[in-house]
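Residue numbers (the working numbering), protein chains in the order written: chain A, 1 to 225; chain B, 1 to 225.
Hints were generated in silico from the structure; no laboratory data involved. Where is the CB? At the ideal position from N, CA and C, for every residue including glycine. Any given hint could be a false lead.
[As the list claims (entries may be wrong)] Per label pair, the in silico range of CB-to-CB distance: (1) B:E173 with A:N189: 27 to 35 Å; (2) A:S56 with B:S56: 51 to 59 Å; (3) A:A187 with B:T152: 42 to 50 Å; (4) A:T164 with B:K101: 45 to 53 Å; (5) B:T152 with A:D184: 35 to 43 Å; (6) A:S42 with B:P153: 34 to 42 Å; (7) B:K200 with A:S11: 49 to 57 Å; (8) B:G206 with A:T164: 38 to 46 Å; (9) B:Q182 with A:A80: 24 to 32 Å; (10) B:A69 with A:F103: 31 to 39 Å; (11) B:Q182 with A:G206: 40 to 48 Å.
[What the hints assert, rightly or not] Some chain B residues well away from chain A (every beta-carbon gap over 10 Å; in silico): (12) T10; (13) F25; (14) G31; (15) S56; (16) K147; (17) S196.
[Said to hold, decoys possible] Facing chain B, according to a computed beta carbon distance under 7 Å, are these residues of chain A, among others: (18) A65; (19) H138; (20) L139; (21) K140.
Each chain, letter by letter, is given below.
2 protein chains.
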Amino acid sequence: MKILIIEDSTSLRRSLKIGLSNLGFTVDDTGDGSEGLSMALSGSYSLLILDLMLPSVDGSSILKAIRKANKDIRVLILSARDLTEDKIEGLLNGADDYLTKPFSFDELHVRLLCLMRRGSLNIDNSKIIIGDFSLDLHLKQLHCNGKDANLTPNEYKLVECLFTNQGKVICPEKLSEYLAGQYDAVAKNSIEAHLSTTRKKTRALGYDLPIKTKRGFGYFVESKL
Amino acid sequence: MKILIIEDSTSLRRSLKIGLSNLGFTVDDTGDGSEGLSMALSGSYSLLILDLMLPSVDGSSILKAIRKANKDIRVLILSARDLTEDKIEGLLNGADDYLTKPFSFDELHVRLLCLMRRGSLNIDNSKIIIGDFSLDLHLKQLHCNGKDANLTPNEYKLVECLFTNQGKVICPEKLSEYLAGQYDAVAKNSIEAHLSTTRKKTRALGYDLPIKTKRGFGYFVESKL
DNA sequence: AATTAATCTTAAGTTTTGCTGAATTTTTAC
DNA sequence: GTAAAAATTCAGCAAAACTTAAGATTAATT
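Whole structure, please, built from the sequences with the hints as guidance.
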């Protein structure tokens, strides 16, 4: 569950972020309206917490733009103004809920639960597509030409690390850390073995894995755009 | 648009009725819980404004009864208590919104607009259907080919968490949090045991639970079935 | 308050799956 | 052509997940 906060008050933004993170949400935040808008449009957020009173762009303009883009994102408005006209206007513009400042964190928490419960299951495609391959970060699967490559945990993690670092050579040490965490390690040969089996599996599906060897340095995925 | 008010304070009920009538709604009202319940069940109300603290019947019992009857009626809770637990419980019991007393009429007005907006867009999300299985979020039951699988609370919660997150692998830690809350935990083995019994129960009904294991990561429900 | 019923947790045994490290072969760079 | 690096293979081992049942909690009932 990813949440975006657009709020110019640094202290409020900070405390919201900390509080929501503690509740298990993934939280991004910004104090700038136009930056916020582009984040909302590009990212896969389930929920936007939006302050109506922003310095640069108006909050309700952001809301309009998001709805125009037909984004499936719930919007909770924060408003310092306590005028009914404003609220109504905001809600009719496509907000799903609102809170007037000041508010208690508990209050916000409950409203979030409510919104999430309501929300249609947002099928946010956190997938990385490279050539004929598609890596599903939620299902932890590598698809090759539509078929599941059936990777083991370590095989998958290797691919995930390299796919998410497309265009960079990743050394065996980094890969080891990615697999085992920073307090443990995986032998270089083990990594080679995993890559070998992974390559074999995708070859069996008819495609070569786009992970290449950079002799003496590590492995990488060519970035083609 | 017909609205039903169940609220024992005569003065509040009166003023609400007048205010909402002036806004163009058709309003019925009662101060008695059981009368209110039968009205809600028989009449064609779009919205119920329900006080949780009623003298005769408990407000949350009314809510449960309405949801059990599968009535398509939005419920806005009025609560004097300001405790988060209560709110959460109320919302999870099937309420659509809530207000704590005292509140301004403007506040209520906006929430009504919000609920109505939702109503027009919303599909009924009280049930999640996956294959031969149907999860009733209001009744807290898993149905398999029409028959109740008779899950215990924790078994149900596991299924609920995975069904509402279909298409995502959920790690044991998240599941633990879902069962026990963020300040407590459930051992991984306990989760395994619950899943085991759940699978057994549905197998006894003739169907395999569509919850699969993603070794090394957690459990998931495949998206399209 | 005591008893019972229901559910949850723990632990141990079992099964399944995946990882590792050594031996071998292949590739690459000089 | 040679040496170093990488790829491959596989058997033995280790870890993860499943199952079951018994003991511990909790909730319900008398």
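Does the structure break any of the earlier hints, and which numbers would those be? Going through the list in order, the structure violates hint 18 alone and respects the others.
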